[in-house]
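**Q** If you read the sequences in order, they're chains U and E.
So in the working numbering, the last spot in the first sequence is 164, and the numbers never skip.
So in the working numbering, the last spot in the second sequence is 178, and the numbers never skip.
Because the hints were derived from the structure by calculation, they are not lab data.
All of these numbers come straight from a predicted model, not from anything done at the bench.
Do not take every clue at face value.
What the hints assert, rightly or not - Think about it this way: if two alpha-carbon atoms lie no more than 20 Å apart in a straight line, the pair counts; the simulated EDC-like pairs of lysine to aspartate or glutamate are: (1) U:K67 <-> E:D131; (2) E:K102 <-> E:E124; (3) E:K36 <-> U:E138; (4) U:K127 <-> U:D142.
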Amino acid sequence: MKTLFPLTLIFFVVFSSSVYSNDEPVVFKNKNHEHRYQSLIEEIRCLVCQNQSLADSDADLAQDLRKEIYDMIVSEKSDEQIIQFLVERYGDFVLYRPPLKENTWLLWFGPFLFAFIGLFAAIIIIKRQAKTNNIEAEMDEDKKQRLTELLNTDPETDSGGDKK
Amino acid sequence: MIRYLLPLGLFVGLVIIFIYGLQHDPRHVPSPLIDKPAPAFNLPTLHSPEINIHLEDLKGKVSLLNVWASWCVACRTEHPILIGATSKYPNLNLYGLNYKDKREDALQWLQQLGNPYIENAFDESGSISIDYGVYGAPETFVIDKAGIIRYKHIGPINKQQLETIILPLVKELESQQI
Chain U
1 MKTLFPLTLI
11 FFVVFSSSVY
21 SNDEPVVFKN
31 KNHEHRYQSL
41 IEEIRCLVCQ
51 NQSLADSDAD
61 LAQDLRKEIY
71 DMIVSEKSDE
81 QIIQFLVERY
91 GDFVLYRPPL
101 KENTWLLWFG
111 PFLFAFIGLF
121 AAIIIIKRQA
131 KTNNIEAEMD
141 EDKKQRLTEL
151 LNTDPETDSG
161 GDKK
Chain E
1 MIRYLLPLGL
11 FVGLVIIFIY
21 GLQHDPRHVP
31 SPLIDKPAPA
41 FNLPTLHSPE
51 INIHLEDLKG
61 KVSLLNVWAS
71 WCVACRTEHP
81 ILIGATSKYP
91 NLNLYGLNYK
101 DKREDALQWL
111 QQLGNPYIEN
121 AFDESGSISI
131 DYGVYGAPET
141 FVIDKAGIIR
151 YKHIGPINKQ
161 QLETIILPLV
171 KELESQQI
């Protein structure tokens, strides 16, 4: 059992290398190109594993698209042209930051809408609570009045009061 | 009364939203290519590398373009449906786009499981498939007589989808004049 574990590990290490082998390391001659490449692949969603960007994903398609983006950057295409290329093929869904459109306004403004609803609800709840506090305060007024009444009664007629 | 009805109403609302959400497959990404001209291609055929197939070869008739590969497990599930469709409807123009495959593997696949395709385009690098926005084989495009993509099916087609969606659409498009 003790030897089996390292052996399995070695097995996985040896055979997993084939997974990465077709993903060539990207080399840029131009620093600006490299910077653009990095920020682009982090902005584009991999459609195979939808919660990963192209930079994170190991899927075959992600490798192909990274290569495609690399080629376009090297051939001096602008970021807009590259994004347009991808959107024409895969739709706005490839963008982690979709453009503001009729069908995305809920996506963009939904959080503010919900924050507003929350604020509204909070105001109502606070107001209601303040009202009940006032009722309690009014009750206290009643009690105070009774107290002064009691204090103002003649001590002589009071049977159980303290005397100096 | 509202104290009890409000949480109940919110709960029912959430349930409705969840049911709505469950009925939608997040993997189904609407294709921007619908009602747009099919991307042009000029690829060697799978059977003979020296002969090329072009998009123009598909024009003038309604055709189905099925993206598949021998390494694709879901394609294996779909394959008998395609075989059944072409044997039942011999007029169905089914073309294949073989996606990032090895030629001998793909040919062996067809030999073993049968070949429902009129012709297969061999997209070894996958670059034409990128033009078609393919992200998960199998995918099937319905292309009309003028070469416009009318429908895209992502994932394996089942019998019901074939009979209720794809074949009626093909029939409808066939009745149209260019």
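**Q** Taking the hints in turn, state whether each one holds.
**A** Results for each hint:
no.: 1; hint: U:K67 <-> E:D131; verdict: 14 Å, holds
no.: 2; hint: E:K102 <-> E:E124; verdict: 7 Å, holds
no.: 3; hint: E:K36 <-> U:E138; verdict: 73 Å, violated
no.: 4; hint: U:K127 <-> U:D142; verdict: 23 Å, violated
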